[in-house]
Amino acid sequence: MPISAKGSRRERELLEFLTKQGFVVHRVAGSGLKEEAICDLIAVKDGFVQFIECKSRKKVYYSKEHLNQLNELIKVAKSCKSKPILAVKINYKDWKLFELTEGIPKKVE
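In terms of the numbering used here, the sequence shown is residues 1 to 109.
Think of the hints as simulated: they come from the structure by calculation, not from any bench.
A hint or two may mislead.
[Unchecked claim] Taking lysine-lysine pairs in the DSS-like style, the calculated list, with each CA pair at most 30 Å apart, reads: (1) 96 / 20; (2) 106 / 78; (3) 81 / 55; (4) 20 / 93; (5) 106 / 81; (6) 78 / 6; (7) 20 / 83; (8) 55 / 93; (9) 20 / 58; (10) 6 / 20; (11) 20 / 45.
[Unchecked claim] Quick list of simulated restraints, FRET-style, between CB atoms: (12) 6 / 46: 27 to 33 Å; (13) 76 / 45: 18 to 24 Å; (14) 79 / 47: 16 to 22 Å; (15) 90 / 16: 16 to 22 Å; (16) 92 / 16: 17 to 23 Å; (17) 46 / 67: 27 to 33 Å; (18) 102 / 47: 18 to 24 Å.
Even glycine gets a Cβ: it sits at the ideal position worked out from N, Cα and C.
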């Protein structure tokens, strides 16, 4: 399965999960490292906006490009008074969500 297909499937999976939690969620189609979009999902609940970047893989690591992307997400979210969120799906495990206002997690298990 192409990486982009897996990523899109995971984004839709998280969108469905958050919708069931009462969020209004919009998927930003075509987002990625080389695109203009800042995140994969935008979720709103109780007047609070979250910019969510989804990562799905066997193990969590952050390449320089991913770190740059996450740092840009933090910067833009702050300027928009929204929460930057990193959503990580390790194969065969549940989603883990991290608020990035305190920084990017070094390791996710």
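Inset, instruction - Would you pick out the hints that fail for this structure and give their numbers low to high? - result: No numbers; nothing is violated.
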